[in-house]
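Since each chain sits alone in its own frame, please combine them into the complex, following the hints.
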Amino acid sequence: MKKFDASQIIDALLPVFATLAALAVGAVMLLVLGANPIRAYGALLEGAFGSGNALAETAVKAVPLLLVGLGICIAFRANVINIGGEGQMIIGAILGTVVGLELSGGPGWLVVPLAMLIGFAGGAFWGAIPGALKAYFGVNEILSTVMMNAIAVQIMNYLLRGPLIDPAQAELASKIPQTAPLDAAFRLPRLVPTRLHLGAVIAVGLAILVYILLWRTTLGYRIRAVGQNPHAARYGGIRVRRQIVIALLLSGAFAGLAGVIQVYGLNYRMITDGSATGFTGGAGFNGIVAALFGQLHPIGTIPASFLFGALLVGANKLQRVMQVPSAFIIGLNGLVVVFVVSSDIWRRKRQRRRQIAATHQPERETTLTAESGG
Amino acid sequence: MGDVLTTSFFIGILASGIRLATPYLYAGLGETLSQRSGVLNLGVEGQMLMGAFAAFYVTFQTGNLWLGMLAAIIVGAAMGLAMAFVTINLQAEQGISGIGFYLFGLGMSTLLFQMLMGTVETVNGFPSIHIPILGDIPIIGEIFFQQNILVYVAFALVPIAQFVLQKTTLGLKIRAVGEHPEAADSLGVSVSTVRYITVTLGGIMSGIAGASMSIGLLNVFQQNMTSGLGFIAVALVYFGGWRPFGVMLGALLFSMVNALQLRLQVEGVPIPSDLMVMLPYVLTIIALVLTVQRVRSPSALTKPFEREG
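Chains as they are written, first to last, in our numbering: chain A, 1 to 374; chain B, 1 to 309.
In short, the hints are calculated from the structure, not lab data.
This one's a predicted model, so the numbers in the text were calculated from it and none came from an experiment.
Please note that the accuracy of each hint is not assured.
Unchecked claim - The list that follows gives simulated cross-link-like pairs (lysine to aspartate or glutamate, EDC-like), each with its CA atoms no further than 16 Å apart: (1) K349/A with E306/B; (2) K303/B with E182/B; (3) K303/B with E179/B; (4) K317/A with E46/A; (5) K175/A with D274/B; (6) K175/A with D273/A.
Stated by the list, open to error - Reference listing, derived: stretches of chain A covered by chain B, where coverage requires no fewer than 3 residues with Cβ under 8 Å from a Cβ of chain B: (7) 132-142; (8) 158-166; (9) 330-337.
Ideal placement from N, C-alpha and C gives every residue a C-beta, glycine not left out.
So that you can see chain B by itself, here it is in the shape it has in the complex (with noise of 0.2 Å):
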């Protein structure tokens, strides 16, 4: 009987790490990509909410979840485009205006929440998706292959980036804008327009990582339901030393760690929830602090890119 316990708390654990860590991937992967271009876009948190909020809404609406992505998609790319507008035409200071827009989106998330909606009401998610045979193998089956499409987008988009980060044209021009401006430019590359691109790509990914909360995970709306997610996805860009797969497997830690303490939590430990839920953020510290020492960030990371003379 004890066996049986453990054995399926270990496949709940890990089963539900890894549809946690699907917010992050999505917020995380836009981010490594805006970051490696030289922009560190820290309104992360504020377009989450507003597509989370985006998805909720027209999916309530319309019954359309795919609608309901859409919408987040479109917001989370007016967001990026806005902040790609601000960092890159006119050169603000990337943190700060960061904080702007997150501080924007929480509070507009927030208004439209309480104008349009006033309580807090439940949608039906994207299902699981029981892939045939594979989804049938005991403990594996379990944990990888009963997950919503949203999951397993997420995971097929770690190779997908790191593909084109590496070994495409527009990797290539990423990389160079983000390493060194100055060359990419005199060799005939756009700086700004490949940071548009790339900000405006984080900003959809940001939407959707919003999404993949309202109309995947949880399937509501409340006000704030991020707290703080978006924030730690970015850290995890740092922690992942800019790459991909570095960025899915700090994501995949901290899911882990979030579901356990969740578990935990249902469980009845004796431990103070809110001690619990301060251990993400613990982590999120540690990490980069340890993570700092090791890689080396993108050269032009947070500068703003002008032409001499």
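In isolation and in its complexed conformation, chain A is listed as follows (with noise of 0.2 Å):
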């Protein structure tokens, strides 16, 4: 028993080993560039933990990565790939702006919460169609996602630089594609004198609902079931197709409410640069990582999601520090990604080792059929 859970602790560790592989390549790569490696991951270290109000920074940017992770989570769960947190969050974000514009004056106790349900509803339409493009065309899903998200973001910037365009910034020369602000009683409250919002504890709670959704719910062991044996599940009576589509949408969905959050918690309008990463922060893209690095469970994802908004915080200070652009960040998330999906080789090869071993040794059989929940 004892050397079950020994190789169990390795499991869950090999993402910490793959980012810290990755996070020497990223020193090489600062050493390189002439910039000082240790001095470097100190400065994001101080820029993301060294206050009270960066480590409220930190839980400020883990929010959106939080909700984008949680719908990665039940995608991949269901072996679909959902790229395209950026185009569900951009589309959730412009329902719930479009909501609490039109109901300006209107009670916040009424408004924000329907501003987050249309949002969430966006975002889940918008993952509906590489869903259902997926299961009823065969589209792979990565090229759709990417496109939408292409679409989307042409979407935000026609309607935030016309139909949408706060009217002051209508009349000046600069016409920052940006939406009218939001009636100040919108604002989500701010739990602690940072710009820390309740966002952060509707993220936290939802990770909690949706590690339920996932293990304690039908649609949940549906959706698992078909990440793991489509074939099997078909014979087991579950509607294959059906299950990618919901997949998705829940995806989706989560991504459309990171959206509107990122409205109502941080920018109290809609604003962009004309780029996705312009509104989104690229938290579409680092949710993805950050649910990797979580092994695509839940509640992993919340200690995941508050690293990599330290990887985001820190590289402010390290670009003013040390004038590494914040870019390296991007790279550096793209480093993680490829190390975490890496080292996932050693993981199934213990798994394989235990199979054997239990092939071999059949009393063992219930303690490995045992759900491992991640």
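Encoded structure:
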């Protein structure tokens, strides 16, 4: 028994080792670029954790990562890869913002939840399209979600430069693509005297809900069954195509909610620079990184989001102190993805060894078929 | 007067459509080889960005376009090799690791651009070559035979890729490894060697695709200048049914739509430009829906190969 525990701990730590390896490669890159990697990572850490305010900023950055990451957990459990977080965030945010602008002056307790619901639905819609295309037409969802991102960006740019532009900006020459500000009554309350807002509580609460959904409900069971073996699932009477659509729909919904919360918790209006990241801050992609690091487990994604939020906040300090552009973090996150996905081979190898051991010693079978949960 | 305007309008669109097809062709043909051998390389966009920057930076520093091209090839090959190692030796999930390489290329090309250059500069890219006699034919000459060398090479590679895939031993091995790796392996074909070759070649082609933008078409480097073009190139491989000529047709369709869209913007057609830019992406999704029904993908696509026992 003890041996199994040790092996499972190693499994759980694999993403950590992989991330450390990615950081080491990042250190070499910094050296090549003429920056001292120890000082650079020091600046990163200080920027992310150095003060109460820094910690709060890290948490603020973690909120959209966690929400997108939860959606990623659901999709990946059904073996569907959702790269469309950016677009789903944008569509959710647009719809949520329109609700707030249209109902300006209304009661906050009603308008804000309604905006979140509409944004949730908008993200769901934007996710359901590639879901249906995959389920019923066999379209590769990675490609379709990337295209849906590009389409969403153009819709955003069109609306924020045109019909939805802040009337004040429309007068000016600068014409910053942004909407009018939301009613002050609609702002999400702040938790402590920093920028940390109620969205953090919502995100953590939803993480628990997603855990329950995936492991304590029939729907979650079906989604995971489809992910593990679609043929067996179909044989077991599960409508595989429907689960694929539902998985991507839910995945998009959480990203859509992340978009609304960005608007109501942070900017109090929708604003961009003409690119997707101009609004999302790259959360649609970084949420994938966080979810992978959290082993596609909703609870594991909570600390993972915090960690990658820290990287993003630390990146600003890195840029100020070391003149290393914050794009370094995008590249570093790419390395983390590659390393974490690659490290999976060792988990699979040990799993196989365990299975071989199990076939030789049938009495152990009960411990092995137990739900791994992540 | 109106007649002249419409003729030149269409010549302009066709000529620039041919030109704009270049990056799709390089990236798409490379991806075709890689997918025919069973590896989905989704890092194309990142490889293109790195290639585009390498080519631009070296050309900017040395003034030598061919050195720039060499830099793009080396960078593309390095990224291709890394992708090969990760997907073949470590058997990593191809879709997600490809996205990792995309993010890496996006971040690194932006970082290098900001640290090494800082501002947007221009270079003199590959000049157009007016092919004697053919280039003098009215209309046709203007459309086909007054392009730069990278455009000619891109189109020449289409029949070459087709020949390699269908008529050579290497092509036979590539197809065998992509359709039935176990059978190929039992006949003594090294699955991993073949895949290493195709994925690295794919990386090189993506690097060249990037270079064809930064020192051929646009002659500038800007962060994220490919803006999804690499992903569209991957989609074109599906659209083209994993055949070089199919990929070429897809590339031309897309580049013509893009050329039309750009031209209409210049002409000041009262459609918001943001919505026009959307067109190729919508078209990609439609194209994917239409093709998947009709062609079968290589059987072993995205499946890592491992010997039993």
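Structure-based check of all given hints:
Taking the CA atoms of K349/A and E306/B, the gap is near 12 Å; set against the 16 Å cutoff, the hint holds. Proximity of K303/B to E182/B is assessed by CA-CA distance (about 12 Å); at most 16 Å being required, the pair is judged to hold. For the suggested pair K303/B and E179/B, the alpha carbons sit about 10 Å apart, so the restraint of at most 16 Å is met. Our distance criterion of 16 Å between C-alpha atoms is met by K317/A and E46/A, whose separation comes to about 8 Å.
Restraint check for K175/A and D274/B: the C-alpha separation of about 15 Å stays at or below 16 Å, so the hint holds. For a cut-off of 16 Å, the pair hint linking K175/A to D273/A stands: about 11 Å separates their Cα positions. Judged by the Cβ-Cβ criterion of 8 Å, the region 132-142 of chain A is covered by chain B as claimed, because 6 of its residues qualify and three suffice. Here's how the region 158-166 of chain A fares: 3 of its residues keep a CB closer than 8 Å to some CB of chain B, so the rule of at least three is met and the hint holds.
Judged by the Cβ-Cβ criterion of 8 Å, the region 330-337 of chain A is covered by chain B as claimed, because 8 of its residues qualify and three suffice.
The earlier numbered hints are all upheld by this structure, with none contradicted.
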